[in-house]
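Please work from the sequences and hints to get the whole structure.
Those letters in the sequence shown? Residues 1 to 158, per our numbering, in order.
Be a bit skeptical, because a hint or two may be false.
Computed list of lysine-lysine pairs in BS3-like fashion (alpha-carbon distance at most 25 Å, straight line) [said to hold, decoys possible]:
| hint | residue 1 | residue 2 |
| --- | --- | --- |
| 1 | Lys130 | Lys66 |
| 2 | Lys80 | Lys109 |
| 3 | Lys63 | Lys130 |
| 4 | Lys157 | Lys109 |
Don't read these hints as lab results, they were simulated from the structure.
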Amino acid sequence: MAVQVAEYVWAEWRWTKGQSSQAAAAPEVDENDIDLFGSDDEEEDEAKAALTAQRLKDYHAKKATKPKVVAKSMVILDVKPWDDETDMKEMEACVRGITMEGLVWGTAKFVAIGYGIKKLQITCVVEDDKVGTDDLEEAITAFEDYVQSVDISSFNKI
Numbered sequence: 001m002a003v004q005v006a007e008y009v010w011a012e013w014r015w016t017k018g019q020s021s022q023a024a025a026a027p028e029v030d031e032n033d034i035d036l037f038g039s040d041d042e043e044e045d046e047a048k049a050a051l052t053a054q055r056l057k058d059y060h061a062k063k064a065t066k067p068k069v070v071a072k073s074m075v076i077l078d079v080k081p082w083d084d085e086t087d088m089k090e091m092e093a094c095v096r097g098i099t100m101e102g103l104v105w106g107t108a109k110f111v112a113i114g115y116g117i118k119k120l121q122i123t124c125v126v127e128d129d130k131v132g133t134d135d136l137e138e139a140i141t142a143f144e145d146y147v148q149s150v151d152i153s154s155f156n157k158i
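What follows is the structure, encoded as C-alpha cells:
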C-alpha cells in the first residue's frame, strides 16, 4: 500500500511540475487583445459592407423590373330567373353586358332546375384586386325584370 501511495505522490508531483513549467512558458496575454470573432482587418469589413450594399442594390433593381403577378380567379355564377317565362337569352345578354376592368366573361349554359325553369350558369375570370364578387352580384341583380338571385357555384384561384 505504501508503494502505491508513493507512486501516486510521484505521479502527482510530475503532473504539477509539468503544469507549472507550461504556465511559466506561456506568454502573458491581455483579455482586451483577444478577438473571438476574427475581425482584425477593418479594410476587409469595409469591403464586405460595400459588396453587401452593391448586392442589395442589384437585388432591388432586379426586383423593381420584374412584373408583379396578377391574382385571378375563375368564378362560376348561377343566375336564377323569376319564372319559366323569363327570356333566358335576354338575361344572358344583360349579364354579358356588364363590363368592368379586370372582368372577362366565359362560357354560359342553361341548366334545368325543375318544373320547366332553367338557370343561367355563366363563367367569368376576375382580377381579384379590381373586381369583387359582391360588386358583380349587385350588378347582375340590378336586372330586376330577369334576375331573381345570383349564387356563386364555384370560386377557384388561377
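Verification of the hints:
1. Only pairs whose Cα atoms come within 25 Å are accepted, and Lys130 paired with Lys66 is accepted, the gap being roughly 21 Å.
2. Under the criterion of a C-alpha separation no larger than 25 Å, the hint pairing Lys80 with Lys109 is consistent with the structure, at around 12 Å.
3. Between the alpha carbons of Lys63 and Lys130 the distance comes to roughly 23 Å, so the proposed pair stays at or under 25 Å and holds.
4. For the proposed pair Lys157 and Lys109, the alpha carbon gap of about 22 Å is at most 25 Å, so the pair holds.
The structure agrees with every numbered hint stated previously.
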